[in-house]
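Student: Sequences listed follow chains Z and B, in order. For the first sequence, position 214 matches number 214 in our numbering, and the numbering has no gaps at all. For the second sequence, position 189 matches number 189 in our numbering, and the numbering has no gaps at all.
Note that these hints are calculated values from the structure, not bench results. Some clues are possibly wrong.
Each computed PhoX-like pair below joins lysine-lysine, with the alpha-carbon atoms no more than 25 Å apart [said to hold, decoys possible]:
{"#": "1", "chain 1": "Z", "residue 1": "K96", "chain 2": "Z", "residue 2": "K113"}
{"#": "2", "chain 1": "Z", "residue 1": "K158", "chain 2": "Z", "residue 2": "K8"}
{"#": "3", "chain 1": "B", "residue 1": "K67", "chain 2": "B", "residue 2": "K230"}
{"#": "4", "chain 1": "Z", "residue 1": "K158", "chain 2": "B", "residue 2": "K246"}
{"#": "5", "chain 1": "B", "residue 1": "K230", "chain 2": "Z", "residue 2": "K158"}
{"#": "6", "chain 1": "B", "residue 1": "K130", "chain 2": "B", "residue 2": "K155"}
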Amino acid sequence: MPNQAKYKRYIWELPVRWTHWFNVVSIATLAVTGFFIGTPFSFGSSASDFTMGWIRFVHFTAAYVFAISTISRVIWSLVGNEYAGWKAFFPCVTAKGREKMVKMMRYYMLMDKEVPETVGHNPLATTAYFALFLLYVLMILTGFALYAQHAPNGIMHKSLGFMYSLFSDQGMRLTHHLSMWLIFGFIINHIYSAWLMDIKEHGSEISSMFSGYKFTVKKED
Amino acid sequence: MSKKKTEDVRTDVEQDLLKRDYSIGEILKERGVSRRDFLKFCSAMTAAMALPASFAPRVAQALDEVKRPTLVWLEMQSCTGDTEALLRSANPTIAEIVLDILSVDYHETIMAAAGHQAEEALDKTIAAFKGKYICVIEGSISMKDGGVYGSTGGKSHLDRARQVCAGAMATIAVGTCASYGGIAAAVPNPTGAVGVREAVPGATVINLPGCPVNADNLTATIVHFLVFGKIPALDSHGRPLFAYGKRIHDNCERRPHFDAGQYVEHWGDDGHRKGFCLYKMGCKGPATFHNCPSQRYNEKTSWPVAAGHPCAGCSEPGFWDTMSPLYKRLPNVPGFGIEATADKIGIGLAAGVGAAFAVHGALNALRKDKEPVEETKEG
Ligand code: HEM
Ligand code: SF4
Numbered sequence: 001m002p003n004q005a006k007y008k009r010y011i012w013e014l015p016v017r018w019t020h021w022f023n024v025v026s027i028a029t030l031a032v033t034g035f036f037i038g039t040p041f042s043f044g045s046s047a048s049d050f051t052m053g054w055i056r057f058v059h060f061t062a063a064y065v066f067a068i069s070t071i072s073r074v075i076w077s078l079v080g081n082e083y084a085g086w087k088a089f090f091p092c093v094t095a096k097g098r099e100k101m102v103k104m105m106r107y108y109m110l111m112d113k114e115v116p117e118t119v120g121h122n123p124l125a126t127t128a129y130f131a132l133f134l135l136y137v138l139m140i141l142t143g144f145a146l147y148a149q150h151a152p153n154g155i156m157h158k159s160l161g162f163m164y165s166l167f168s169d170q171g172m173r174l175t176h177h178l179s180m181w182l183i184f185g186f187i188i189n190h191i192y193s194a195w196l197m198d199i200k201e202h203g204s205e206i207s208s209m210f211s212g213y214k215f216t217v218k219k220e221d
Numbered sequence: 001m002s003k004k005k006t007e008d009v010r011t012d013v014e015q016d017l018l019k020r021d022y023s024i025g026e027i028l029k030e031r032g033v034s035r036r037d038f039l040k041f042c043s044a045m046t047a048a049m050a051l052p053a054s055f056a057p058r059v060a061q062a063l064d065e066v067k068r069p070t071l072v073w074l075e076m077q078s079c080t081g082d083t084e085a086l087l088r089s090a091n092p093t094i095a096e097i098v099l100d101i102l103s104v105d106y107h108e109t110i111m112a113a114a115g116h117q118a119e120e121a122l123d124k125t126i127a128a129f130k131g132k133y134i135c136v137i138e139g140s141i142s143m144k145d146g147g148v149y150g151s152t153g154g155k156s157h158l159d160r161a162r163q164v165c166a167g168a169m170a171t172i173a174v175g176t177c178a179s180y181g182g183i184a185a186a187v188p189n190p191t192g193a194v195g196v197r198e199a200v201p202g203a204t205v206i207n208l209p210g211c212p213v214n215a216d217n218l219t220a221t222i223v224h225f226l227v228f229g230k231i232p233a234l235d236s237h238g239r240p241l242f243a244y245g246k247r248i249h250d251n252c253e254r255r256p257h258f259d260a261g262q263y264v265e266h267w268g269d270d271g272h273r274k275g276f277c278l279y280k281m282g283c284k285g286p287a288t289f290h291n292c293p294s295q296r297y298n299e300k301t302s303w304p305v306a307a308g309h310p311c312a313g314c315s316e317p318g319f320w321d322t323m324s325p326l327y328k329r330l331p332n333v334p335g336f337g338i339e340a341t342a343d344k345i346g347i348g349l350a351a352g353v354g355a356a357f358a359v360h361g362a363l364n365a366l367r368k369d370k371e372p373v374e375e376t377k378e379g
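Chain B extracted, bound-state conformation:
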């Protein structure tokens, strides 16, 4: 390190760049992470990537050898919930490992640098590692009126995303906002918010929706890069299949109650206390693809359905609009008032048709038609 106190931030950045010659294994050793914890982490990641356990040694070997990836993290229109999810890991050892592997080079929320220094660090990183760094984006991007509704460092979010994503090896959109626009994009979407894929069409984007993203899925996605050198297989919404390949409903621990026909009917009723299925309370598990039941949140502590709350469908496109009302199974029918449900309209329709035909029948019975005559002969 430099002896001079006045040394500017640039030297720090350069020092930091030098460290990239070390492999992840070496860095972890240097930080005093035990081999045991490292292997535990590798097994957890292998499971998160939906690989068989026998892959764990290969993951460990690859991580031992691979160089630390460069990663920049941009904040757009977001609540920073995804950063929180990442930083608030309960178990400090694993959290350390996660942060060390991510080794974030630029993160507006957690970096020490500020102002022009920070901007300089970003420019330097993306120039020095063009085509090799990973860009993580949190939050939606405003498109309306040229993107004037969101900016950082005097640059609109849209311009920043275009600039940084263009040089990235891949962009990871963390959280529902970055993936599909999220709450900012909910009707009436005043800022014209969209997800990264839509804002920067040419970029290689991996969506990790969820509100917030599951930090383990983010780490697993990065580990997948490091181990296999390519992005994981994605579904049609750009989500990794290892984390979004199955419906919540098909892996849910309350599923036996669903199949049995045991449902929570009211909040706090006997069934609710016994952990029955939340289907009738508006659970969107049957409509939602995510690995919450197996991966869970906060170091695998819990997830909404385990805690007795129906799934809100937060990892699906447009969930604020399409998954509401949160506590009803089916959406309300647009144009029929707020409370009109499908069945009320259906009953109305059937009753209307029935009444119309009853009247018709009565009128018909009362009048004399010119009818074909009675006897029928074979032709």
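Just chain Z, with the same shape it has in the complex:
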């Protein structure tokens, strides 16, 4: 049978998987605590409680985890394998990449019936990931800029000085808040697509993020 998914391949190296799951856990934590920071309930029963204090503490701790994880992934895109490399995130610059993107798009738009196979990242997905990465950077910059205001003229406040000229203070809050919803939009898409491709490609799309292995029909890309 010519169409067998017969090659098992190690695609996702350990740092890729770890940063992925660190991002998942930290974003979930940040979203839950962030929601509370945005619209807190009056949980406190006495002025010596520390409900909001702890929730903000968790938000900021998760923020550091998230920032470190994101930076690590960027570093890995320079030293990791070809599937993890930064070039994978700009498929649109090569003719081959563009062709794959169009195929993928046609499949997603229910125009083509043939499932286009991808060994590493799907080129449409990597384009979305790059947009997501920009959202991460925005979240981290606005988050730390808001955070740094507790210690004006400290190192963090000074090095994020450009943020305060780009955004008004309230504009920064609004951006931080709205970008969370954009990330939610991505997550819905991401989980759905991973599930869809897991079913359609039979390539172990979902488990590959745990094991690192994917199964493919063709040997080469």
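Go by the hints and put chain B with the ligands onto chain Z.
Tutor: Chain B with the ligands only, in chain Z's frame:
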């Protein structure tokens, strides 16, 4: 003083100039201000400048010796609220001291002279003390159409500001309007109003925003000049760090309620009566740098949050536009109608994406793709 009644105002101005040979200490003594009140004032100023209490004797010594500064106060597009804040000090003794130290040589609202006499006094002062006087500006400066929307004595505000600021040792922009344009600069800003820094780019400007300025911060800024002979350290918005170096939220007396999770939910509810945090009522304390919680207004009587009203963020640039709505935490999202909040848009977005994928999933389930086959062999 001259015996002749017809003596013109010029002589008065000259008499006034002579007084400058006396130090502040001497003038205060002459006015009958007690040493005790003077020292109390010095301690208050030391605290306002965020210096340790041990500096108070040095401040007193410096003020004893230093010559009275020359100060001119110009009104631009303003409501005169800052002048009011300065004049309406509750405690007369301190107010006297403040006014004596400021010893305003030209102030359109409070001076006796009027018309050409007043203009002459201004010209004389800025010529005689070129490079040595302090200029205080209240109100924003109109820039549109060559600045025709505001003028005093036949001269546009812009021209006056250029002329007077150019010769000043330093210019103090009092209030939010003079600092950043204030309400006149709020969208759509029909007069092209800006703050002094933007109108006169070359001038040394210290911004003391706030609506109104806290008179103690103004006095402290001037005392800083007198004691240290230089302008205080400023932040990126040109505000003295001693008064604008910390966020309201980080010094607020309601902060323990914020950290505890005790919030006012509605006006006049139980939490409001108990003095809970005003975060959910739209408090802009987390976005605003000012020393209101410690310096307070009206001889340290109160300030908005102490009185149960959320901070409006009045000492931040563009506050009329960026801090609204006053009673909501986050701004409305532009382009989505007046009441659209970030969360409504977010829920809409998430629901839209979810629905789109649900439809996609359903369509996918219904059709047959050319799929890779089942069995998988290791490669
Ligand atoms: C994907 C990651 C993140 C999500 C989903 C998220 C979510 C949120 C949300 C919803 C809020 C409430 C905003 C409001 O209504 O005012 C918030 C507040 C905040 N977040 Fe994040 N956040 C994230 C990352 C970060 C990072 C990396 C930092 C860095 C320290 C950070 C720092 C803050 C701070 C300081 C606030 C309080 C803002 C204020 O003073 O009002 N966040 N976050
Ligand atoms: S009242 Fe305002 S400034 Fe004070 S703690 Fe609450 S949010 Fe912060």
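Student: All the hints need checking, so say for each whether the structure fits it.
Tutor: Going down the list of hints, with the structure as the test:
Straight-line distance between C-alpha atoms of K96 (chain Z) and K113 (chain Z) comes to about 20 Å, which keeps the hinted pair within the 25 Å bound. Only pairs whose Cα atoms come within 25 Å are accepted, and K158 (chain Z) paired with K8 (chain Z) is rejected, the gap being roughly 50 Å. Taken as a hint, the K67 (chain B) and K230 (chain B) pair is honoured in the structure, with Cα atoms around 15 Å apart against an allowance of 25 Å. Of the supplied pair hints, the one linking K158 (chain Z) and K246 (chain B) holds, its CA atoms being roughly 14 Å apart against a limit of 25 Å.
Of the supplied pair hints, the one linking K230 (chain B) and K158 (chain Z) holds, its CA atoms being roughly 24 Å apart against a limit of 25 Å. Taking the CA atoms of K130 (chain B) and K155 (chain B), the gap is about 20 Å. The hint holds against a cut of 25 Å.
Checked against the numbered hints above, the structure breaks only hint 2 and satisfies the rest.
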